[in-house]
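Keeping the supplied structure of chain E fixed, place chain Z upon it in accordance with the hints.
Each protein sequence line maps, in turn, to chains E and Z. Here the first sequence stands for residues 1 to 383, where the numbers follow our numbering. Here the second sequence stands for residues 1 to 383, where the numbers follow our numbering.
Worth flagging that the hints you see were computed from the coordinates, not collected in a lab. Fair warning: there could be bad hints in the mix.
[To be verified] Here are the simulated DSS-like pairs of lysine-lysine, each with C-alpha atoms no more than 25 Å apart in a straight line:
(1) K125(E) to K7(Z)
(2) K7(E) to K30(Z)
(3) K7(E) to K16(Z)
(4) K21(Z) to K7(E)
(5) K125(Z) to K21(E)
(6) K7(E) to K7(Z)
(7) K125(Z) to K30(E)
Number of protein chains: 2
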Amino acid sequence: MENFIFKNPTQLIFGKGMISKITEEIPQDKKVMLTFGGGSVKRNGVYDQVCKALEKHTTIEFWGIESNPDISTLRKAIALGKKENIDYLLAVGGGSVIDGTKLVAAGLCYEGDSWELVLNPSLIKTAVPLASVLTLPATGSEMNCGGVISCRENKLKYSFASPYTFPVFSVLDPETTYSLPSHQVACGLVDTFVHVMEQYMTTINQSRIMDRWAEGILQTIVEIGPSIMKDQTQYDLMADFMLSATMGLNGFVSMGVTQDWATHMIGHELTALHGLTHGHTLAIVFPGLLRVLKKQKSDKILQYGERIWNITNGSKEEKIEETIVKTETFFRSLGLTTRLSEESIGVDTINEVEKRFNDRKVAYGENENVTGEVAKEILINTL
Amino acid sequence: MENFIFKNPTQLIFGKGMISKITEEIPQDKKVMLTFGGGSVKRNGVYDQVCKALEKHTTIEFWGIESNPDISTLRKAIALGKKENIDYLLAVGGGSVIDGTKLVAAGLCYEGDSWELVLNPSLIKTAVPLASVLTLPATGSEMNCGGVISCRENKLKYSFASPYTFPVFSVLDPETTYSLPSHQVACGLVDTFVHVMEQYMTTINQSRIMDRWAEGILQTIVEIGPSIMKDQTQYDLMADFMLSATMGLNGFVSMGVTQDWATHMIGHELTALHGLTHGHTLAIVFPGLLRVLKKQKSDKILQYGERIWNITNGSKEEKIEETIVKTETFFRSLGLTTRLSEESIGVDTINEVEKRFNDRKVAYGENENVTGEVAKEILINTL
Numbered sequence: 001m002e003n004f005i006f007k008n009p010t011q012l013i014f015g016k017g018m019i020s021k022i023t024e025e026i027p028q029d030k031k032v033m034l035t036f037g038g039g040s041v042k043r044n045g046v047y048d049q050v051c052k053a054l055e056k057h058t059t060i061e062f063w064g065i066e067s068n069p070d071i072s073t074l075r076k077a078i079a080l081g082k083k084e085n086i087d088y089l090l091a092v093g094g095g096s097v098i099d100g101t102k103l104v105a106a107g108l109c110y111e112g113d114s115w116e117l118v119l120n121p122s123l124i125k126t127a128v129p130l131a132s133v134l135t136l137p138a139t140g141s142e143m144n145c146g147g148v149i150s151c152r153e154n155k156l157k158y159s160f161a162s163p164y165t166f167p168v169f170s171v172l173d174p175e176t177t178y179s180l181p182s183h184q185v186a187c188g189l190v191d192t193f194v195h196v197m198e199q200y201m202t203t204i205n206q207s208r209i210m211d212r213w214a215e216g217i218l219q220t221i222v223e224i225g226p227s228i229m230k231d232q233t234q235y236d237l238m239a240d241f242m243l244s245a246t247m248g249l250n251g252f253v254s255m256g257v258t259q260d261w262a263t264h265m266i267g268h269e270l271t272a273l274h275g276l277t278h279g280h281t282l283a284i285v286f287p288g289l290l291r292v293l294k295k296q297k298s299d300k301i302l303q304y305g306e307r308i309w310n311i312t313n314g315s316k317e318e319k320i321e322e323t324i325v326k327t328e329t330f331f332r333s334l335g336l337t338t339r340l341s342e343e344s345i346g347v348d349t350i351n352e353v354e355k356r357f358n359d360r361k362v363a364y365g366e367n368e369n370v371t372g373e374v375a376k377e378i379l380i381n382t383l
Numbered sequence: 001m002e003n004f005i006f007k008n009p010t011q012l013i014f015g016k017g018m019i020s021k022i023t024e025e026i027p028q029d030k031k032v033m034l035t036f037g038g039g040s041v042k043r044n045g046v047y048d049q050v051c052k053a054l055e056k057h058t059t060i061e062f063w064g065i066e067s068n069p070d071i072s073t074l075r076k077a078i079a080l081g082k083k084e085n086i087d088y089l090l091a092v093g094g095g096s097v098i099d100g101t102k103l104v105a106a107g108l109c110y111e112g113d114s115w116e117l118v119l120n121p122s123l124i125k126t127a128v129p130l131a132s133v134l135t136l137p138a139t140g141s142e143m144n145c146g147g148v149i150s151c152r153e154n155k156l157k158y159s160f161a162s163p164y165t166f167p168v169f170s171v172l173d174p175e176t177t178y179s180l181p182s183h184q185v186a187c188g189l190v191d192t193f194v195h196v197m198e199q200y201m202t203t204i205n206q207s208r209i210m211d212r213w214a215e216g217i218l219q220t221i222v223e224i225g226p227s228i229m230k231d232q233t234q235y236d237l238m239a240d241f242m243l244s245a246t247m248g249l250n251g252f253v254s255m256g257v258t259q260d261w262a263t264h265m266i267g268h269e270l271t272a273l274h275g276l277t278h279g280h281t282l283a284i285v286f287p288g289l290l291r292v293l294k295k296q297k298s299d300k301i302l303q304y305g306e307r308i309w310n311i312t313n314g315s316k317e318e319k320i321e322e323t324i325v326k327t328e329t330f331f332r333s334l335g336l337t338t339r340l341s342e343e344s345i346g347v348d349t350i351n352e353v354e355k356r357f358n359d360r361k362v363a364y365g366e367n368e369n370v371t372g373e374v375a376k377e378i379l380i381n382t383l
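So here's chain E without its partners, still in its complex pose (with noise of 0.2 Å):
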């Protein structure tokens, strides 16, 4: 086991009705922004909850943060904020709401233009206390100190972490997930799924309890998709997947352990360049890096197999490619695609992909042999 520092003060509250806690949880003399996406919100009940909670604190409310949160929407949000002297941030909806709202607490505190925090997260020395209220299991943010943001007008999606960025709390009611579209409930199964992975599918023994937590993630997920994309109203399942998303990115499973994370560098091209869904990236870039890597991660997918899919019969190479072929398959038993040609996405992009990562000078994944050469070859394999 590698030596590490683990730190996660977010506070969860989670459970039906949990949304009224909010009333004693942030100070009844500080002004609040709430920060919200499109407004499914206001369809789902979720506002009227939140609105009741603070009745008694004092608010401003700004919508439209978007999916892949842009640059520019949060630069509006923090001017607002900035004008109107907030000193406490909740953010109600999905991971692109916290994301964003992780910016805004920063941005708050700092007098430059908020993207040189995205490219230079040290440049954060402090924040305004931010909460949230989650409503799509998915990204993990509301239990980690990261986000990610776009630049639409350059094309650029880049993530950003800091220590000052953790929510205080976050609270999480499965019942709020009933109404989510379910193309993007699949996209939080495999986001979580992929979450795990890129801390998991590395080099084995590192950490047995480790490796133990990261497959209980994957087996859950495993067991619990299918039937929650038949009926997305069951409080059990939603409760084990919100869960599971939380703790698939909230650094429990990544302690003393290598992490990847270059099928989520290749899939932040996918959505800068396409729009994509993240978790639909995920679904198509993961097998196909899987396939390519699949000498250098050969024991550790090996032992994938095994636990979570129980291949234990045929050749070493048989099992592998009998691995990777369950898990595209699991993806695509969601109902989302899993080839880049599915998306009508050809060489054009791969060739300015692996041109973004040559001119970066970047190379992800725990050896950090990803090279632009090498996404190359990884979306070359998923046409």
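Just chain Z now, with coordinates in the frame of chain E:
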């Protein structure tokens, strides 16, 4: 899944050589009281590492917090801390030192006698910040807010907990465990195992993900236990043990599920009456509890037996019996006795435990049905 609120703010600093990090974690302007047990930290080099890290801090030392820390010892530590105006505590040792130091942290901010805080933890309104350097993986005290305090004068042993007594940080260096007595290591393995069981061995279908994580720790302890007992200087094994012990009682496996804790409550009485090491009492009580409550817990015993011990053949009754035997055999394989009679403890003690439960009018377990009478039946089953 039940509604729940979760928060754990403790920072983990994990790995070889990490004791040096405490230099930067404790503010320079604090007056620190270091608290210790009996002196093993002087023999294994931990004391020297801590002194070196704090050479520029103002420190005093308090020695002699015994196993099952006694209120009379802690009163002395509190008196010293008040006299010296201590405003930071660093516990260096195992769970007993950390547990005791938590009470000292609260006692330094309390006017009355600190035993009152054990009996009524809601009296704790604040505490001096405390941190720890852990040397014995077992109790999980390094990452939770609870402690167990004894009053030998009256042969009592009670637990307490307060949100103010989480360690600010805990340093876990697996190398510090190499020189532990092997009986302590065995007891620590069982303590970890049964901590998890208290949060898991109740009813099925409460949370798939929590079940998987609990099973992940159990599986890890089963895998590494025998190898550790042969050679406790294998870094990766001790790292997994140390991390598992912490994860076993920091709230990470108990979100939204019911809990038992009857084994611990009975075990505490055995320690109070006979001085048996805590983990050893659990190795005796837990198999007896399973035998007595096997009907109530049958579905969960079957799940545990299949997932941890691969028990899939035979009738339901046979599988349950085999699972209980496997569990007791595992504890014995670590070198511990699992029967009261092997420790020359008999019916007098059993009657006294029953009387104590009855006098306090308590009943433990997820169904609150482990009364004095049931506790007696459990202990008779351990003869």
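Outcome of the hint check:
1. K125(E) to K7(Z): holds (24 Å)
2. K7(E) to K30(Z): holds (22 Å)
3. K7(E) to K16(Z): Given that 25 Å is the threshold and the Cα spacing comes to 18 Å, the pair holds.
4. K21(Z) to K7(E): holds (15 Å)
5. K125(Z) to K21(E): holds (22 Å)
6. K7(E) to K7(Z): holds (11 Å)
7. K125(Z) to K30(E): Holds. K125(Z) to K30(E) sits at ~24 Å (cutoff 25 Å).
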